[in-house]
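Participant: If you read the protein sequences in the order shown, they are chains A and B.
Quick note on this note's numbering: the first sequence kicks off at 27 and runs consecutively.
Quick note on this note's numbering: the second sequence kicks off at 27 and runs consecutively.
Among the hints, erroneous ones may be present.
Same chains, same names: a pair is fine if it fits in one copy or spans any two.
Derived pair list, reagent style DSSO-like, types lysine-lysine, alpha-carbon separation capped at 27 Å [what the hints assert, rightly or not]:
(1) Lys218 with Lys301
(2) Lys301 with Lys67
(3) Lys301 with Lys231
(4) Lys101 with Lys164
(5) Lys214 with Lys231
(6) Lys83 with Lys164
Bear in mind the hints are in silico, worked out from the structure with no lab data behind them.
So the chains spell out like this:
2 protein chains.
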Amino acid sequence: MSLLVIGSVAFDAIETPFGKTDKIIGGAATYISLAATYFTKQVNLVAVVGGDFPQTKIDILNEHGVNTSGLQIKKDEKSFFWSGKYHNDMNSRDTLVTELNVLGTFDPVIPETYQDCQYLMLGNLSPSVQSTVIGRLKNRPKLIVMDTMNFWMQIALDDLKKTLTLVDVLSINDEEARQLSGEYSLVKASRKILDMGPKFLIIKKGEHGALLFHGREVFFAPALPLEEVFDPTGAGDTFAGGFIGYLAGTNDISFDNMKRAVIYGSAMASFCVEKFGTERIVNLASHELDDRVQDFIDLVQFQISLA
Amino acid sequence: MSLLVIGSVAFDAIETPFGKTDKIIGGAATYISLAATYFTKQVNLVAVVGGDFPQTKIDILNEHGVNTSGLQIKKDEKSFFWSGKYHNDMNSRDTLVTELNVLGTFDPVIPETYQDCQYLMLGNLSPSVQSTVIGRLKNRPKLIVMDTMNFWMQIALDDLKKTLTLVDVLSINDEEARQLSGEYSLVKASRKILDMGPKFLIIKKGEHGALLFHGREVFFAPALPLEEVFDPTGAGDTFAGGFIGYLAGTNDISFDNMKRAVIYGSAMASFCVEKFGTERIVNLASHELDDRVQDFIDLVQFQISLA
Chain A
27 MSLLVIGSVA FDAIETPFGK TDKIIGGAAT YISLAATYFT KQVNLVAVVG GDFPQTKIDI
87 LNEHGVNTSG LQIKKDEKSF FWSGKYHNDM NSRDTLVTEL NVLGTFDPVI PETYQDCQYL
147 MLGNLSPSVQ STVIGRLKNR PKLIVMDTMN FWMQIALDDL KKTLTLVDVL SINDEEARQL
207 SGEYSLVKAS RKILDMGPKF LIIKKGEHGA LLFHGREVFF APALPLEEVF DPTGAGDTFA
267 GGFIGYLAGT NDISFDNMKR AVIYGSAMAS FCVEKFGTER IVNLASHELD DRVQDFIDLV
327 QFQISLA
Chain B
27 MSLLVIGSVA FDAIETPFGK TDKIIGGAAT YISLAATYFT KQVNLVAVVG GDFPQTKIDI
87 LNEHGVNTSG LQIKKDEKSF FWSGKYHNDM NSRDTLVTEL NVLGTFDPVI PETYQDCQYL
147 MLGNLSPSVQ STVIGRLKNR PKLIVMDTMN FWMQIALDDL KKTLTLVDVL SINDEEARQL
207 SGEYSLVKAS RKILDMGPKF LIIKKGEHGA LLFHGREVFF APALPLEEVF DPTGAGDTFA
267 GGFIGYLAGT NDISFDNMKR AVIYGSAMAS FCVEKFGTER IVNLASHELD DRVQDFIDLV
327 QFQISLA
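Pulled out of the complex, with its shape left as it was, chain A reads as follows:
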């Protein structure tokens, strides 16, 4: 089934203990779209870039099968730019530069050819832009997944709560779940957040894996223990892209299939962190993905027969 992805397409400049980059291609929708293409052939992007964004980078998206007819190019403006520096533990980072540029006035126009999309991924953007996208779709998609971040909880909590009532799955990290719910226990946090609207909640815990909550059910996927995390940028978006891409590709939104989608999302994220930016996820052979998923199976499987 076809997937509509909305979010940022941007430049990032990243510094980690292993090195630093100049401006490289980044943005939530970039990671989401690229990851999703490994599972579904119909990935439709809505985003905005400036005249400074190279056509060669758009070509990379197209070569992976991403439909960029919904990518607005504002010739006289500049693309969104983020720069950050990771600390030695790779679990925390400082934002050095945030230049909103074209994102500051982003009006998400949905091309007519996108209207039949059955899966919608709302990458991290202002909650009001996210709800505008939902409002502009003639038919409600079969599944709407939303990502957000603590920044919007601080400056646009009311908008965020309104948008939460419109989506099926919320994907946030553990600190964001605690901030949104006011609860330290993630079990208690999940109950409060599920009461805000979403039927499913994914709590991403970085190197500690991810939890999927649905009613009183809970599923846990570990992160793969890696020799080295080279660059965590985009890992959460890559997870989300793998997750919704797998659901769209299989067109099955049962809880059991969502578990599989969490594993595939985790596998994609485990590749993402192995190199800078999108470098690793633009060049994956399909056997690599299968091998990685097998690693997850080996990591957690055990046999216990209860009487």
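Given chain A, put chain B in place with the hints provided.
Facilitator: Positioned in the frame of chain A, the structure of chain B alone reads:
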């Protein structure tokens, strides 16, 4: 098969955001022994207490089937006492009081009737006392599991490294693994530590679960997401007791059985944190343990068929 447990039997005074206790029964060997009794009937304790230690608390151990003929009682001395206060996140704590008392001169005498033990659990004590115990056994046990802590890495690293060459399984937490190896990545840390002697390494990550390493194999068990962690004291020791108790009870030290042992250890630890001290693990019904293990199965199981 019979299990020999050595470690502290002590008093703890604990303060958490949920309340505080007076002196209650604690100590690594207490938690280990109690947890192990759910899996094997032959648990033999070597430890030392002072004259202040109440017979009623020893009776509790006996009622659970722990053989305390190796428990030395030094009538004119005081028992080991530890007092600590947990921070709001329950992941960190301050030690308020440490009184070594009888532990300062502990000479671990092994009763003759313990000599046939095939499983040995070295609870957290000075590495030289731990190696003394191994030296006093006429036959090497089938499996030796060792717990230790960062304190000994700071003040007795050479002794610790010597003892490491004598054991089969080392059980430590993530920060201790990083300190011992000098590596941040737990995968790299595991390689270095396995090179120090143990054939198996367990890295406990508290609320983030536990990893079992053996050569290039790795198994991950999550911690159960709980509504509330009431008191983490003893959770690591309870895990270790469930782990080695299960191995002794099944008398199978294959990697597949160690995976099961990690799950049973994790299940026992998940009970431990629900109440103060040993309160929860002295009163477990067997169906509760089965139900809890089923929760772990439900938490991580998924079905993916790779072509």
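Participant: Indicate, hint by hint, whether the structure satisfies it.
Facilitator: We went through each hint and held it up to the structure:
{"no.": "1", "hint": "Lys218 with Lys301", "result": "between (36 Å within a copy, 24 Å between copies)"}
{"no.": "2", "hint": "Lys301 with Lys67", "result": "within (25 Å within a copy, 52 Å between copies)"}
{"no.": "3", "hint": "Lys301 with Lys231", "result": "both (20 Å within a copy, 26 Å between copies)"}
{"no.": "4", "hint": "Lys101 with Lys164", "result": "neither (30 Å within a copy, 83 Å between copies)"}
{"no.": "5", "hint": "Lys214 with Lys231", "result": "both (16 Å within a copy, 21 Å between copies)"}
{"no.": "6", "hint": "Lys83 with Lys164", "result": "neither (31 Å within a copy, 70 Å between copies)"}
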